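Two chains, two separate frames, one set of hints: put the complex together.
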Amino acid sequence: MEALLAIAIGVLVAASVYLMLARNVLRFIFGLVLISNAANLTIFVAGRLTTGAPPLIAEGAEAPAGLVANALPQALVLTAIVIGFGLFAFALVLMFRAYTTLGTLYSDEMRVAEPRPEDER
Amino acid sequence: MSTSADPTGVPRGNGLSGLLCTGLSALLFVWFLTLAPQIADGASLRYVIEWVPSLGISLSFLLDGLSLTFALLISGIGALVFLYSNTYLAGHPQFDRFMLFLFSFMLSMLGLVLADNLIALFVFWELTTITSYLLIGFGHETAKGRRSALQALFVTGAGALALLAGFILLGMTMGTFELSEILARGDELKAHAYYIPILLLILAGTFTKSAQFPFHFWLPNAMAAPTPVSAFLHSATMVKAGVYLMARLHPGMSGTDMWMWTLTIFGAVTAVAASIFALRQTDLKQALAYTTLMALGTLMLFLGQQSSYAITAFATFLIVHSLYKAALFLVVGCIDHATGTREADVLGGLGRVMPFTAIAAALAALSMAGFPPFLGFIGKELKYAGALGVASEPLFVVGAVLLANALMFAVAGVVAFRPFWRKAGGALPKTPHEAPWPMLAGPVILAVLGTVFGIYPDLLERSLVAPTVASLLGEIEDAKELKLWAGVNMPLLLSIVTVVSGAIIYAVHRQARTMLERMDAATPSFDAGWDRFLDGFKALAAWQTGVIQSGVLRKYMFVTFVTVLVGMGGTMMARGLGLTVPDFSDATGQSVALVLMILGGALLATLTSSRIAAMAALGVVGIAVAMVFIVFSAPDVAITQLLVETLVVVLVAVALLRLPTLDSGGRHWRPWDALLALGVGTVVTLTLLAVLATPLDRRLTDYFEITSWPEAFGRNIVNVILVDFRALDTFGEIAVVVIAALSAYALLRTTTTKGQGK
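So the sequence lines, in the order shown, correspond to chains Y and C.
All residue numbers in the first sequence are consecutive under the working numbering, ending with 121.
All residue numbers in the second sequence are consecutive under the working numbering, ending with 879.
No lab work stands behind these hints: they were computed from the structure.
Only a predicted model underlies this, so the values are computations on that prediction, with no experimental measurement involved.
Beta carbons are placed, not taken as given, at the ideal position from N, Cα and C, and that holds for glycine.
Hints are supplied without guarantee of correctness; some may be wrong.
Simulated DEER-style distance windows between Cβ atoms [unchecked claim]:
#1 Y:Ala63 / C:Leu768: 33 to 39 Å
#2 C:Val687 / Y:Ala63: 43 to 49 Å
#3 C:Val680 / Y:Arg48: 31 to 37 Å
#4 C:His789 / Y:Arg48: 38 to 44 Å
#5 Y:Arg48 / C:Leu282: 50 to 56 Å
#6 Y:Pro115 / C:Gly212: 47 to 53 Å
#7 C:Met689 / Y:Arg48: 17 to 23 Å
#8 C:Ala545 / Y:Pro115: 58 to 64 Å
#9 Y:Pro115 / C:Gly688: 29 to 35 Å
#10 Y:Pro115 / C:Asp652: 27 to 33 Å
Pulled out of the complex, with its shape left as it was, chain C reads as follows (with noise of 0.2 Å):
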């Protein structure tokens, strides 16, 4: 499963691309910190590219509280994945590769987070999504990464395209795609008719990016990926890209019921989900990925409120969970890396041997258990707060939030206390070792981190938490203080609740596992209903090229008729163009006798079933055409038409000698070809009919006589039209005519030994 190199070599040289993107994102890290005070201070920095001015669409980009949080953590955490993964893939065949995808990525996303522009926030974002298809599926060999890869590709990418039409919608209603004049203007947006449909798009685009219930599926699997991937995307950065864009969007959307019920509903339904499904798994790293989406469903469930307890919570969250989730990845990849396994069930006893590695992952843990002093315990404490802040359903709200809480706090004893302080519950594939430094350096200071804020809770306020409430309520005196010890209250009773009853679910989890493995069993699974969605997708197409795309000579033909028929008669009548009556009264007795000609000629071509007969009637229609031409001062064409049809005739002749009797399939009526036929035929004289009625336009006509003699030297005016005026075009037709002569010769010349006669 796991795609990494061979783990038993010393680190070899990876070339400079591992070193380089470590150092570039660091470059990038440190210089959005030094941006860092200017935001804090309550300014947001605007920097703005015209792209395509025409169409309103320029390259802006917005870099205020909520984008500087975003764009440190993805910068950050991105630099210590470099590093991890310099050593972690060392030695693979396709490093370069796996640096390029993972530092686009990482480019990609941040112009994602900074993007003030919908329609670049939205290029962006596909951009996003095209990475992580090929990072996910960076071990293409297995059908299960490649799966994966497409899965997450598909969700996620029809997501987007919801996405795009919201954006469009967005900004054609507001007339503009600047994200920050359309936010301003919040409330006309939020009267306006469009805002439903607009709301519902963009939502189908964030909760599949985002992974929320119903759409859960694709990110458990996209663990396929190398682990440095999955911490990096599917825990710190890119999932949480539709939750970014919600708190985005939340000045100038939120607020309404139907923003706050669909949050709120499928936040805790994910949350609650997720870490229920967390509890079930034995990889350590699926069990990573469920209570990843535990946390999403949380932020969602946030942003969905308004109260600035909630959007606090929210802000440190969203800080809290990278941190420690980011660690936590880092760190199973380490054990992966040591051991050869990821089954909880088997490691133990790597306390001994990993001892960084195991104090990484206790204090992670500990900040995700939410135990002081750590940054998560604050986290959590605010957790309770916004929710019991909750205007509507507090207690739906504080009820899901504390089941996931525990939950939560059961899986962090299964991921980082058993596999380092129990006694090992198998053989280990390998024998562990201590994960070399650059493996450690991530996990170790992204896990002190999480300490460090937890202490001194200030530095995060002020530099970020605060100005991240600020992007999304408008003033910063919002932003709720962050407190380790905050009195006796509620949220403090709740967190007691949360470690009894997280205790207790890590003591009986091993029960609980085969409990609920049995209901997920009982349950129907999203991911084999998503297998069954694409079989019954491909049939669908399979189906539908089977009738459009028959084969069938007949079929062709009759839809191409039926569109003639439709296409003229529907023009026809839509333009107004009526009936006119025919003016019968020139009719000399010798026209009509030409036209019965052709009216019987006609008729028995296609009613004979004698061959002699057919080409007969095909002569006699010729002729008569012929005749038509000589009657009507076109001696010329007569001549023309006359060696043509004579040519005609015996071709066909010589190929009947060597032809089947005509009816040996039997002759039948067909009444629908015969109906269509009339109605082509009908509409082709109505419409000429129609021409006719008009008065004619003979400026071209009248050119060619005035200027035949003068100008071309000849008396015979078609011919002059011919080889002078229009000589390319009949340059052309005798090219086709050679092309035509020469493939027919192609044709005949070949032998047919090679034929498959029946």
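This is chain Y alone, in the form it adopts within the complex (with noise of 0.2 Å):
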């Protein structure tokens, strides 16, 4: 299963480097929500994968009993996730307001703070 899952991460990883590599930024940030899933996913899946076994601790057991799933990734996955989002909502908002201000989503023609010598002209 973990190989399955190994190969549709590379898929995404592939789909948004594609994303992040075009002009239009809102192309750029697709790729940014694809790549955070992504990496959360390589993460989570690198920590092996159980069904039917979350990590909960039974009413009046001292430790899990038997094998439960792996508890660090999905704790750092967490916490990766909120971060991420946090990532993807400032990139959203920068984009819309280089859009308000530039009036263009084309990052080749965002060019305010290092003018070409032809834009000086």
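This is the structure we're talking about:
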């Protein structure tokens, strides 16, 4: 099962890299969303997959009975999801603001800080 | 050009700095003088302070004949130059700064000639480079001053880098950075495979520092410095640092063909070319600058040899040159100070108004021209004797020395005879007056010393020349005697030829000058070449900045992903982590469906040109990932994922309301990007498969599972990790989200009126 997901993650990464190389920053942001999903899945899968046994301790017990899912990657992924969302939200607002100010969604044309020689004339 | 202060006023007080520096240098001079008898007896003094013992670097100092000669020249001429500057730059607003620079320079120079550790020597070497930069650029308000300073810094600094590399290589090869130890094992060094690279690197340093052809061009430009600086740095001391180092290394590194030919050829070419250029100059200071080049070339030439005559000639000419050249520079400073010009064609008739200056100039110039009974004569005789003793190519060396000496004779006439005893060629900018005594002291003392040593050469021979020769050749008996009259021999005949041809050249020098000017205009100039080099360098920098820092997001991303690809893929290949056959046997229908959802969503998001479709595709991927979390026992993660995915879709939808449609710029297929994307995706998959093939380390997980309830009283282990075991991480996470929210708020709040929409 892990192997199947590893291939899915590869496809996700490939899709997001292709999107992030686009001129249009909206596509870039789509790529950003996909690549954070891919990263989260990678951490999750690398910690191995367990079905039907969430990392919980039964009432009255000191430790989980039997094998439960790996709790550590879950905790890491939880943090990563939230931070990824923060990054995404900021990037989206930045893009939105860039569009309202510069009137373009194309990163090549956003040259206010580093004008090309031909732009200066 | 001259940056001297207003020369009209009576010397005003400069505070104490001038006199303090003069006094300190005089004290140093006297102290070195008291050590001279010990050194003359063949002793050498060594003093070591540990610096970085772990790297074998120490502040070790060695005083032997060679370093003593240099130390005396530096501190002695230094004292006179300080005294001179106190008057020459009287009332200059930045006088204290000047004194600080000059004194720091003197100390660095002393450190350089006394250091016995390669690294310490290099540090002092660079200190002289930096202080000399500050001194040449003392007149920093002129573009010429800044350019000259920068040129000197770049040329000598670039050479110094090579020198450092050479020193490190030398230290590694010999296993020690102590010079005296290295030189004692010279045969071992010369036989080593790294001998030639070491020598070439060191030569790059010394040739640039001592302005040997083809690095000579910075020295005449350095005359932009105030005249006392030129007298001190660019004749007597700093430019001799390269010569000093070659002399210091002579016992350990000389004697090979490589050493002999390089030094002989570059020295000879520098000497002859510089003497011809010297004749061309009309500015007295420039003419002197070129004769300094000539002297440096001659010194290098003699250092290339092994014979005791050549080395004695080196030691003697080193002292002769320092004495008369510093004196003449100071004389030119006096002339400049008194008349306001340094143009040879304008100056004249100063002999009567400035008698003492004229006498000092005459004595120094006679020494320079090589007349008896001056020290310069002895130096010249020894040079011829040394040149005749050159084993391989005596004719070439004698010819070069003869030509250089004859030309120097003519230049001596131009600098020290014409301005005083010939009629003035034009109106002087100022009415000349005799220089005040502090400015006369330097030239007079130095010129008189040149005369006294000429009449009593014994004094000099025993105290300085013989010990210097002993430092180079090992035996004090190797030094040849310094004699005014050695009988009618070959050197004497050559001297007569020199004087005759020199007189002829002087007689026709003005005609020769016009011819030389034409020749100079026809040949490429190194100075202009330097400018072209700098321009080209800057253009290259601009070009590569344009390439690397293109300001295009796509290119940055491309390079980033290529780095990821090469870094991860390359590491895997280098570590031999090949393909493991993935095991799909445990795939259930449910999970296959989830994977298909992810794949479909990703492909749709990539390929669609509809914003709504892309948004939906992102949603599908997000939900599928959330379901993966649910299926594989991560309910908390799944809840968060669902929440975040919902927010993502909502936010994108809100933003899209105000954004243009996706395809306004046209969508096109990007094969290279696709290739890169596939590569990165493949590498990630392979890496993950390789990780999965290794056994899982569950130690941390086990710890959390066991301690979650007894220590943190929580039954949801993931929750306990987040809020208890790794609470600080979670706090950081919250901080990130808050900052992102604040920044987003700030971006949205600021009005768009300042926008530059096109």
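Query raised in the report: So which of the earlier hints does this model not fit?
Result: none
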